[in-house]
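K.L.:
Chains B and H supply the protein sequences, listed in that same order.
Numbering-wise, the first sequence is residues 1 to 332 according to our numbering.
Numbering-wise, the second sequence is residues 1001 to 1332 according to our numbering.
Just so you know, these hints were derived from the structure itself, not from any lab.
None of these values were measured; they are calculated from a predicted model.
Backbone N, C-alpha and C define an ideal beta-carbon position, used for all residues, glycine too.
A couple of the hints might just be wrong.
[Said to hold, decoys possible] SDA-like, lysine to any residue: derived pairs with alpha carbons at most 25 Å apart: (1) 1055(H) to 161(B); (2) 55(B) to 1100(H); (3) 1311(H) to 325(B); (4) 1111(H) to 325(B); (5) 55(B) to 1322(H); (6) 1307(H) to 161(B); (7) 311(B) to 1321(H); (8) 298(B) to 1100(H); (9) 1307(H) to 119(B); (10) 1307(H) to 314(B).
[Stated by the list, open to error] Stretch by stretch, here's where chain B covers chain H in the computed footprint (C-beta under 8 Å, at least three residues): (11) 1085-1091; (12) 1111-1123; (13) 1282-1293.
There are 2 protein chains.
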Amino acid sequence: MKEQILTGDRPTGPLHLGHFAGSLQQRVMLQHSHQQTILVADLQALTDNGHHPAKVADNILNVVADYLAVGIDPDKTTICLQSSLPALPELAMYYANLVSIARLERNPTVKNEIHARGFGRAIPAGFLTYPISQAADITAFRAGLVPVGDDQLPMIEQTNEIVRRFNHIAGQCILEECRPLISKVPRLPGLDGKAKMSKSQGTAITLGASAKEIRAAVKAMYTDPNHLRVEDPGQIEGNVVFTYLDAFHPDIAYVKSLKQAYRQGGLGDGKTKQILEDCLQTLLEPIRQERERLLSDKSMLVDVLRKGTEKANIASHNVLHDVKRALGIALF
Amino acid sequence: MKEQILTGDRPTGPLHLGHFAGSLQQRVMLQHSHQQTILVADLQALTDNGHHPAKVADNILNVVADYLAVGIDPDKTTICLQSSLPALPELAMYYANLVSIARLERNPTVKNEIHARGFGRAIPAGFLTYPISQAADITAFRAGLVPVGDDQLPMIEQTNEIVRRFNHIAGQCILEECRPLISKVPRLPGLDGKAKMSKSQGTAITLGASAKEIRAAVKAMYTDPNHLRVEDPGQIEGNVVFTYLDAFHPDIAYVKSLKQAYRQGGLGDGKTKQILEDCLQTLLEPIRQERERLLSDKSMLVDVLRKGTEKANIASHNVLHDVKRALGIALF
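The shape of chain B in the complex, shown without the other chains (with noise of 0.2 Å):
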């Protein structure tokens, strides 16, 4: 039997050259070694936007399109959509009762996050308690690795922890431990340098980006600042375009060469920024297209997700069972 893999996304927008870099392209690797289950995780995206759901509602299709468009097969992979497994939330409520709510606050991970988004002390009860949340997704597949960003060690940690906790309470090995599967692929900064793409600022390329919206984006990609003239040394660090032709570019050797050559003095950001935007517009192209014709019939999308939901029913709900039963509230 393969190894579980649960992995997933918050529908909140379309996916972005970010996710891809970072995590879709590693699973449609992993889909050939493991027995994936990719979460559309809508009820984690209204934790904190559960003022306006239609942000999050809009998106769910539009993420399985990403996912398809980028050659994640659903015959091997199991595509779900959170909200309709009844059995997260039930194990969520279970595990409620084994964490302390000054335990979550010590969540470095959620701590970053209520101060990113100036939650303070109106921090939402749904917000706060999402570790749990995602304990139980992690336990409802019985996921053995969960590829997580280094942030987020803190949630593999709180997992664990609870899986302990209820072993411990039934007196049997019930749950499992997970481990985390560290992507070694660095996060890939936004255009304009920063830490991270994002859609809501702008700094993001997405999946379904046109031709000229690639052009566009590129054209406004942070290079050297100091870089004034061709004949100068430009500086590879921090430059935006050589991040993302390590990242995308298929030829490492040319890649390098280009390197060489503008650190040297000669090579204009024009043209690099040229041989970036090429290499963006194929890879993009048939994903863009392929995208396009998926989101064109959404009644195929819905059919995906219901049979990808549909299997992750029956494994979670397995889980579920084993947690009532070890309870002994598993009287039907």
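On the provided structure of chain B, position chain H as indicated by the hints.
P.N.:
Only chain H this time, still in chain B's reference frame:
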């Protein structure tokens, strides 16, 4: 259509005379005039028994037997098991995004209970958030009327706050506000005269108490500590024997005459206790016998609970579906 009433009990022990006077008798009446749903609230019971689930699991069928033994009719009242109603945790998950942690911490009922249980900062997340689960329970059955003690009014307020917030977001009236039905029966004190009957502190008479246990309990009952000789005047106020006679003796005029005699002097505690004991033996004997008969056939009790839960699943799932449709995530 009859108005919906939701009520329930945490199955952490057999029900006692406090429940009988405070709620069970009322429910036997209400099942004729209202559409009544009774939750065996095992999920809620686990919020402060997460580490000893057997205390909850072992009492589920006892509580069902208590209901039937006092005359709650499963053909009139829907008796259902909270943990077998997946719509409840699902609704709670959506509502949790609309309530801040600060708001939960301000809830006076929860504040008192945190203090009473000595949780301090180690309060389980499930316990702090249980008012949200209660809102899920109430709204899942479109309950217009919720029998509560006056110390639980903040729970009703919290529910209606969630209802208004959700309807505002939905832009339509999906959920209904509820009103409290405050019991006119004062809370029955424990045998020791303290505020509340408590099984764990040995100050309760359970519905299944044996004749011997009833006798011993009445003997141990707190009366007027200054009423030393039979001929002395005695005090009625705080005298548990008279409080119980008021609650359970069918002949009000007779109890009134006893009170007069006790106040004047000449009526001893031995006599009043004998009258109360006779009254309680008469009240509890048929309940005890029926309870024993019911508990001798557990599969029948499971069956009653299963049938009620099936009905409750249909009702609560309809509300969940309305909620998900309003959020735009009811894809299938």
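K.L.:
So if I understand the rule, the pair passes when the alpha-carbon distance is 25 Å or less; does residue 1307(H) with residue 119(B) pass?
P.N.:
violated, 44 Å
K.L.:
For the region 1085-1091 of chain H, do at least 3 residues have a Cβ located nearer than 8 Å to some Cβ of chain B?
P.N.:
holds (count 4)
K.L.:
Going straight from one Cα to the other, do residue 1307(H) and residue 161(B) come out at no more than 25 Å?
P.N.:
Distance of about 37 Å is beyond 25 Å: violated.
K.L.:
Residue count check for the region 1111-1123 of chain H against chain B: does it reach three with CB-CB under 8 Å?
P.N.:
holds (count 3)
K.L.:
Taken at face value, is the distance from the CA of residue 325(B) to the CA of residue 1311(H) at most 25 Å?
P.N.:
With a Cα-Cα distance of about 23 Å, the restraint between residue 1311(H) and residue 325(B) holds, given a limit of 25 Å.
K.L.:
Is the hinted pair residue 1111(H) and residue 325(B) satisfied, with a Cα-Cα distance of at most 25 Å?
P.N.:
violated, 32 Å
K.L.:
Run the distance test for residue 55(B) versus residue 1322(H): straight-line Cα separation, threshold 25 Å.
P.N.:
holds, 19 Å
K.L.:
Does residue 1100(H) sit within 25 Å of residue 55(B), going by the straight-line distance between their CA atoms?
P.N.:
Satisfied, since the Cα-Cα distance of roughly 21 Å is no more than 25 Å.
K.L.:
Just to be careful, I want the Cα atoms of residue 1307(H) and residue 314(B) compared with a cutoff of 25 Å; is the pair within it?
P.N.:
holds, 23 Å
K.L.:
For the pair supplied as a hint, residue 311(B) and residue 1321(H), is the alpha-carbon distance within the 25 Å limit?
P.N.:
Given that 25 Å is the threshold and the Cα spacing comes to 21 Å, the pair holds.
K.L.:
According to a criterion of three or more residues whose C-beta lies within less than 8 Å of a C-beta of chain B, is the region 1282-1293 of chain H covered?
P.N.:
The restraint on the region 1282-1293 of chain H is violated, since only 0 of its residues have a Cβ under 8 Å from chain B and three are required.
K.L.:
Hey, residue 298(B) versus residue 1100(H), does the alpha-carbon distance stay inside 25 Å?
P.N.:
violated, 36 Å
Hint violations for this structure: numbers 4, 6, 8, 9, 13, all remaining hints satisfied.
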